[in-house]
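There are 2 protein chains.
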Amino acid sequence: MQYSEIQDLITSMAQKARIASRTLGVLSTEAKNAVLLAIAKNIGEKKEFIQRENQRDLDSGKERGLSSAMLDRLALSDTVIQSMIAGLHAVAELPDPVGEISRMNRRPNGLLVGRMRVPLGVIAMIYESRPNVTVDAAALCLKTGNAVLLRGGSEAIHSNRALAQVLQDSLQSEGIAPDAIQVVPVTDRQAVTILLAQEDTIDLVIPRGGEGLIRFVSENSKIPVLKHYKGVCHIYVDRDGDLDKAIPIILNAKTQRPGVCNALEGILVHRDIAEKFIPVIAKQLRQAGVKMLGCPLSVSHSGDIQPAAESDWGREFLELTLCVKTVSGFDEAKAYIEQYGSRHTESIITENYSTAQRFINEIDASAVMINASTRFNDGGELGLGAEIGISTTKLHAYGPMGLEELTTRKFVVYGQGQVRR
Amino acid sequence: MQYSEIQDLITSMAQKARIASRTLGVLSTEAKNAVLLAIAKNIGEKKEFIQRENQRDLDSGKERGLSSAMLDRLALSDTVIQSMIAGLHAVAELPDPVGEISRMNRRPNGLLVGRMRVPLGVIAMIYESRPNVTVDAAALCLKTGNAVLLRGGSEAIHSNRALAQVLQDSLQSEGIAPDAIQVVPVTDRQAVTILLAQEDTIDLVIPRGGEGLIRFVSENSKIPVLKHYKGVCHIYVDRDGDLDKAIPIILNAKTQRPGVCNALEGILVHRDIAEKFIPVIAKQLRQAGVKMLGCPLSVSHSGDIQPAAESDWGREFLELTLCVKTVSGFDEAKAYIEQYGSRHTESIITENYSTAQRFINEIDASAVMINASTRFNDGGELGLGAEIGISTTKLHAYGPMGLEELTTRKFVVYGQGQVRR
Chain E
1 MQYSEIQDLI TSMAQKARIA SRTLGVLSTE AKNAVLLAIA KNIGEKKEFI
51 QRENQRDLDS GKERGLSSAM LDRLALSDTV IQSMIAGLHA VAELPDPVGE
101 ISRMNRRPNG LLVGRMRVPL GVIAMIYESR PNVTVDAAAL CLKTGNAVLL
151 RGGSEAIHSN RALAQVLQDS LQSEGIAPDA IQVVPVTDRQ AVTILLAQED
201 TIDLVIPRGG EGLIRFVSEN SKIPVLKHYK GVCHIYVDRD GDLDKAIPII
251 LNAKTQRPGV CNALEGILVH RDIAEKFIPV IAKQLRQAGV KMLGCPLSVS
301 HSGDIQPAAE SDWGREFLEL TLCVKTVSGF DEAKAYIEQY GSRHTESIIT
351 ENYSTAQRFI NEIDASAVMI NASTRFNDGG ELGLGAEIGI STTKLHAYGP
401 MGLEELTTRK FVVYGQGQVR R
Chain D
1 MQYSEIQDLI TSMAQKARIA SRTLGVLSTE AKNAVLLAIA KNIGEKKEFI
51 QRENQRDLDS GKERGLSSAM LDRLALSDTV IQSMIAGLHA VAELPDPVGE
101 ISRMNRRPNG LLVGRMRVPL GVIAMIYESR PNVTVDAAAL CLKTGNAVLL
151 RGGSEAIHSN RALAQVLQDS LQSEGIAPDA IQVVPVTDRQ AVTILLAQED
201 TIDLVIPRGG EGLIRFVSEN SKIPVLKHYK GVCHIYVDRD GDLDKAIPII
251 LNAKTQRPGV CNALEGILVH RDIAEKFIPV IAKQLRQAGV KMLGCPLSVS
301 HSGDIQPAAE SDWGREFLEL TLCVKTVSGF DEAKAYIEQY GSRHTESIIT
351 ENYSTAQRFI NEIDASAVMI NASTRFNDGG ELGLGAEIGI STTKLHAYGP
401 MGLEELTTRK FVVYGQGQVR R
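Read top to bottom, the protein sequences are chains E and D. Residue numbers 1 to 421, in our numbering, belong to the letters of the first sequence in order. Residue numbers 1 to 421, in our numbering, belong to the letters of the second sequence in order.
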């Protein structure tokens, strides 16, 4: 396609999404839930079609030499399809945030002023290989009355087109404009750049994927972006920490799923307990297959720890490797986190009330935790019911984004003829 | 100054602001209020110094031929200084949003999860002539624990520098790092561009001024921007409107302060009452000195209305001029507002319950009102206590921004050793 053709196509898709968003924004919860359940049903019925198209992506992925991890993420296996269907049912059951009026109060002049939760309008999702994001994101946007433009990766284009067809057929069967959920059929970066310039019709961009994609989106977007570049999460084992809690928490945070953003990347150990704790945790981590890189003092406490290079501090390993650093106390731990953290998730192990309170108050991250695994920074785990992403920028949303974060609040004012003096 | 010198200066100012923000963010409310009151006291004591520096700006403004309206906005008269001092006292008395924990609830695994309100970090204000914005914005940022970089216009540079000195002296006398409030001493656009690139140290940019400045900021910023380009506000007089309410509301919305963003720019009149209502309102508006531009049907109802050009619809007049358009009913009024409105403020005059509810639910604007003047879309009037600006973009804040909108919420998680399964 020519550049001008791509531009026309995407501009027109965004305009159609804007128009669809107007009716979507005032749909009843019942009507939105009916569409969600219709999508669930149709995905079940069209499973063979979806998997046939998915196979085309898997075949060309193999040809192009994608890693087995990449192919695994791409595959719409029976299990993945079942979980997409279960996800749609779960979103249908969540409370609808749209229309809620809060903080209604009467002003001295009699005006009744409140804030009503309303959809954002049009959301663009830009993501990489997992085609199940197409359905998950569409469901959350639909539930919150937002139209959505979905731009997945080239490696999943047949899967995404097939899912788009099922999604749009479901909308149509429920009498909703199919433009409410659109898959962008062009997958090169040019298309992304054009999409990111549609500031008059798109209200929010959410990129999900590797740091490269996210940086590209946020550097090129004229539209507000909610994102996190990476998750460099730490656990600080305080002098007053319960080491019997520290060990399972560290093992869980590092090894339960090392490739995700809320996995642990560094341990900070209070100097006073380093001699006692480091050999024990190092042994456990080694047995779990974890490679450790440490400061000279840490290295001196355990033969399992290799010396860290300067570039290892603050690195997002995303694999069974982590850093170990001893610190002189809370202040040094805080300064380290400020310098090397990514404002994603930070956790302390302590039984000391005042130290725990200081950590909660003073550490700047989207989630700060006491005696808990960093792996809990997740919309489902923190009680949001669902998650469309995690934000480590502070505007609008800080931390996991659920349904509420896909809405905004407008002021509603009920008067009886008031004028301003 | 050379480009590289400006770059070094602004980068270093932003880094110092970031460092200052860390201590500011954990200051007690008492400590922050003490600084606010110290600033108020010092402004009173240094009034002559401030006014002497202000006179230099006024003199060079006159030489450069600034309009009397511009000079008026620039002047730090006794009245303006008194209102700055009163504003500081008022901000000191407002509740501090920082530290509030909401929605604390226990997850099935026993984790206690809540959301704590925290400062954004570092805020950059970019504004034009009014030097009182320097103090107002500094007060709101200080109260919410944010460091602030203030970049006012070249025409107010001496005033702003003088105010900066008083602000920084006050911080220092209270033992707070003066870097918490800094005035950027370079006023060309190059300095703004450099400021807007400091995404690693600045969390939010708020531009205030004409549409040109705001577009420049939002097109060049790598940092999130909260803004409104303009306020094209409408009042829709419904068929079931009480015309005795409509007239004073329209007069107030148009004439009380025509140069501001929440002033009325267009009236939509239901066709069925046009013949009765338009001559009456047109006469009243004419007597108030308002020029009216209308659609053919409106023109046919009153000799006071001139035919509107296509470019008049959706224009932000900011003076005693407005548009009048008859519409066939709610749907046409809604479509008109979607096409020509600026998502700022929209009001309906109606006694019909269902029409009022539809307006509140379906109209997309930062404030939607029933039987009230658009002039009420203001932080003070809507109960926020203070206002740092109005946002017509939906992310983070939609409508007037008070103290709460200068904060964000992080997740706080209190565990007892939980790990994720």
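Keep in mind that the hints are not guaranteed to be accurate.
[What the hints assert, rightly or not] Straight-line alpha carbon distances no greater than 27 angstroms define the calculated BS3-like cross-link-like pairs of lysine-lysine that follow:
hint: 1; chain 1: E; residue 1: Lys230; chain 2: D; residue 2: Lys283
hint: 2; chain 1: E; residue 1: Lys410; chain 2: D; residue 2: Lys47
hint: 3; chain 1: E; residue 1: Lys222; chain 2: D; residue 2: Lys46
hint: 4; chain 1: D; residue 1: Lys230; chain 2: E; residue 2: Lys222
hint: 5; chain 1: E; residue 1: Lys230; chain 2: D; residue 2: Lys410
hint: 6; chain 1: D; residue 1: Lys222; chain 2: E; residue 2: Lys410
hint: 7; chain 1: E; residue 1: Lys276; chain 2: E; residue 2: Lys291
hint: 8; chain 1: E; residue 1: Lys245; chain 2: E; residue 2: Lys222
hint: 9; chain 1: D; residue 1: Lys276; chain 2: D; residue 2: Lys291
hint: 10; chain 1: D; residue 1: Lys410; chain 2: E; residue 2: Lys222
hint: 11; chain 1: D; residue 1: Lys230; chain 2: E; residue 2: Lys16
hint: 12; chain 1: D; residue 1: Lys62; chain 2: D; residue 2: Lys16
hint: 13; chain 1: D; residue 1: Lys47; chain 2: D; residue 2: Lys62
hint: 14; chain 1: E; residue 1: Lys276; chain 2: E; residue 2: Lys230
hint: 15; chain 1: D; residue 1: Lys62; chain 2: D; residue 2: Lys41
hint: 16; chain 1: E; residue 1: Lys62; chain 2: E; residue 2: Lys46
hint: 17; chain 1: E; residue 1: Lys245; chain 2: D; residue 2: Lys410
hint: 18; chain 1: D; residue 1: Lys276; chain 2: E; residue 2: Lys230
hint: 19; chain 1: E; residue 1: Lys276; chain 2: E; residue 2: Lys245
hint: 20; chain 1: E; residue 1: Lys16; chain 2: E; residue 2: Lys410
hint: 21; chain 1: E; residue 1: Lys62; chain 2: E; residue 2: Lys47
hint: 22; chain 1: D; residue 1: Lys291; chain 2: E; residue 2: Lys410
hint: 23; chain 1: E; residue 1: Lys62; chain 2: E; residue 2: Lys222
hint: 24; chain 1: D; residue 1: Lys291; chain 2: D; residue 2: Lys230
hint: 25; chain 1: D; residue 1: Lys62; chain 2: D; residue 2: Lys46
hint: 26; chain 1: D; residue 1: Lys410; chain 2: D; residue 2: Lys16
hint: 27; chain 1: D; residue 1: Lys222; chain 2: D; residue 2: Lys16
hint: 28; chain 1: E; residue 1: Lys245; chain 2: E; residue 2: Lys291
hint: 29; chain 1: E; residue 1: Lys245; chain 2: E; residue 2: Lys283
hint: 30; chain 1: D; residue 1: Lys222; chain 2: D; residue 2: Lys276
hint: 31; chain 1: E; residue 1: Lys410; chain 2: D; residue 2: Lys46
hint: 32; chain 1: D; residue 1: Lys245; chain 2: D; residue 2: Lys222
hint: 33; chain 1: E; residue 1: Lys16; chain 2: E; residue 2: Lys222
[Stated by the list, open to error] Computed list of chain D residues with no C-beta within reach of chain E, every gap over 10 angstroms:
hint: 34; residue: Gln7
hint: 35; residue: Asp59
hint: 36; residue: Thr79
hint: 37; residue: Gly99
hint: 38; residue: Arg107
hint: 39; residue: Asn132
hint: 40; residue: Leu213
If you're looking for bench data, these hints aren't it; they were derived computationally from the structure. A quick note: this is a predicted structure, and the numbers were derived from the prediction, not measured. From the three backbone atoms N, C-alpha and C, an ideal C-beta is built for every residue, glycine too.
* Is the Cα-Cα distance between lysine 222(E) and lysine 46(D) 27 angstroms or less? -> 43 angstroms, violated
* **Consistency of the no-contact label for glycine 99(D), given chain E and a CB cut of 10 angstroms** => 7 angstroms, violated
* Do the alpha carbons of lysine 245(E) and lysine 410(D) lie within 27 angstroms of each other, as the hint requires? -> The hint holds at about 24 angstroms.
* Asked: Taking C-beta pairs only, is arginine 107(D) more than 10 angstroms away from all of chain E?
  -> 6 angstroms, violated
* Check the non-interface label on aspartate 59(D): least C-beta distance to chain E beyond 10 angstroms or not. => Holds, because the least Cβ-Cβ distance between aspartate 59(D) and chain E comes to about 35 angstroms, which exceeds 10 angstroms.
* To do: Take a quick look at glutamine 7(D) and tell me if its Cβ sits farther than 10 angstroms from every Cβ on chain E, holds or violated.
  => 19 angstroms, holds
* Asked: Non-interface claim for asparagine 132(D): all C-beta distances to chain E beyond 10 angstroms?
  -> Asparagine 132(D) is indeed farther than 10 angstroms from all Cβ atoms of chain E, at 21 angstroms.
* Quickly compare the C-alpha distance for lysine 222(D) and lysine 410(E) to 27 angstroms and report which way the hint goes. => The hint holds at about 26 angstroms.
* Pairwise hint evaluation, lysine 291(D) against lysine 276(D), where the allowed Cα distance is 27 angstroms at most -> Judged against 27 angstroms, a Cα distance of about 20 angstroms means the pair holds.
* Measure nothing beyond the straight line between the CA atoms of lysine 245(E) and lysine 222(E); if it is 27 angstroms or shorter, mark the hint as holding. => 46 angstroms, violated
* **Hint consistency between lysine 62(E) and lysine 47(E) [alpha-carbon to alpha-carbon, up to 27 angstroms]** => Roughly 22 angstroms separates the two Cα atoms, so the pair holds.
* To do: With a cut-off of 27 angstroms on the C-alpha distance, tell me whether lysine 276(E) and lysine 230(E) pass.
  => Answer violated: lysine 276(E) to lysine 230(E) is near 32 angstroms, above 27 angstroms.
Checked against the numbered hints above, the structure violates hints 1, 2, 3, 8, 12, 14, 15, 18, 22, 23, 30, 31, 32, 37, 38; every other hint is satisfied.
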